[in-house]
Amino acid sequence: MKCSEFLHELTNYLDGVLDEPTKAELENHLSWCHNCYVVCDTTKKTIEIYRDSQLYELPDDLRTRLRSAIMTKCQEHKKRGPQSV
Amino acid sequence: MGAIQNKLEEPVSDELKLVQAAKRGDDSAFEELVRRYDRNVFRIAQHITQNREDAEDVVQEAFLKAYGNLAKFQEQSKFYTWLVRIAVNEALMKLRRRKPERTVSLDEDIKTEDDSLPREIADWSPNPEQQYNQAELREILSKTIQGLPPGFRTVFVLRDVEGLSTEETAAALELSVPAVKSRLLRARLQLRERLGRFFQKRESGDGDQ
Chain A
52 MKCSEFLHEL TNYLDGVLDE PTKAELENHL SWCHNCYVVC DTTKKTIEIY
102 RDSQLYELPD DLRTRLRSAI MTKCQEHKKR GPQSV
Chain B
96 MGAIQNKLEE PVSDELKLVQ AAKRGDDSAF EELVRRYDRN VFRIAQHITQ
146 NREDAEDVVQ EAFLKAYGNL AKFQEQSKFY TWLVRIAVNE ALMKLRRRKP
196 ERTVSLDEDI KTEDDSLPRE IADWSPNPEQ QYNQAELREI LSKTIQGLPP
246 GFRTVFVLRD VEGLSTEETA AALELSVPAV KSRLLRARLQ LRERLGRFFQ
296 KRESGDGDQ
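The listed protein sequences correspond, in order, to chains A and B. With my numbering, the residue at position 50 of the first sequence is 101, and numbering never jumps. With my numbering, the residue at position 37 of the second sequence is 132, and numbering never jumps.
Hints should not be assumed to be uniformly reliable.
[Unchecked claim] Listed next, the stretches of chain B that the computed footprint assigns to chain A, with coverage defined by at least 3 CB atoms under 8 Å from CB atoms of chain A:
(1) 127-133
(2) 144-156
(3) 169-178
The set of hints was computed from the structure by calculation and includes no laboratory data. Source: prediction; values computed, not measured. Note that the Cβ used here is the ideal one computed from N, Cα and C, for glycine as well.
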């Protein structure tokens with residue numbers, strides 16, 4: 052397996068959707084190719100860091116304000132009838 | 096494993112009950128759907144628009160549109176996936192308005208296969224995120240994802256931040272599964288490469304044993 056082939060399957064590998072033979076082939080490649088090992092490991096870290104970052108959390112006060120605005124507009128929509136959105 | 100599976104399946108039917116009640120005119124059921132997904136919609140919207148006010152607008156407009164079109168919602172798909180599709184479209188529209196000089200669509204940014212091949216291979220320090228405080232880390236992550244084309248960061252946020260499956264992401268974005276996979280790979284590799292600047296092992300041996 053060449054590095055470009057490894058890279059092509061990287062997303063499937065990280066998502067755990069490969070069949071066993073392909074997975075074994077990739078892991079064999081990882082066992083001797085340091086560059087691909089580093090790319091794979093740091094890509095995995097990239098995903099984990101974003102997933103755990105709580106970037107763009109909706110603050111409670113804004114959340115309450117938005118929900119109340121949404122429900123008010125929904126009620127106005129209901130009064131006006133179905134043509135208004 | 097079995098327990099996890101049950102937990103995943105349960106909210107779907109619960110969600111459907113809320114949708115059916117909302118369709119019958121029960122606004123408190125719709126409000127419960129808002130409560131359930133407002134944080135997700137906000138996160139998705141801000142990842143795409145990279146603007147807080149736009150993200151607030153998207154949350155309102157997406158739920159209002161969902162409310163107004165609830166009768167058209169086909170119950171064989173998940174309400175959340177349908178809502179995400181509406182929210183993504185609203186967010187992309189905001190971007191187009193803000194950057195009219197650039198066409199913004201999910202089909203742009205298709206460059207050659209080689210454009211995301213790693214050029215930078217250097218390893219990161221262990222626990223790289225611990226080199227920065229929370230505020231610094233958020234700034235780094237936010238700046239880094241801003242540099243990605245909208246089509247890439249949309250796929251990344253749905254798959255890797257919100258945890259939608261590849262098929263759900265494809266359905267929400269009206270893309271094919273291979274297109275989602277290709278964008279996801281390139282988004283992940285580009286983010287990795289850009290984050291490397293902040294997280295690489297330092298020459299001094301910082302973080303090394």
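Evaluated hints:
1. Against chain A, the segment 127-133 of chain B contributes 3 residues with a C-beta closer than 8 Å to a partner C-beta. That satisfies the three-residue criterion, and the hint holds.
2. Coverage of the segment 144-156 of chain B by chain A holds [criterion: at least 3 residues with CB-CB distance below 8 Å; count 4].
3. A count of 0 residues in the segment 169-178 of chain B with a Cβ less than 8 Å from any Cβ of chain A is obtained; the coverage claim is therefore unmet, three being the minimum.
The structure fails hint 3 only (numbered hints given earlier).
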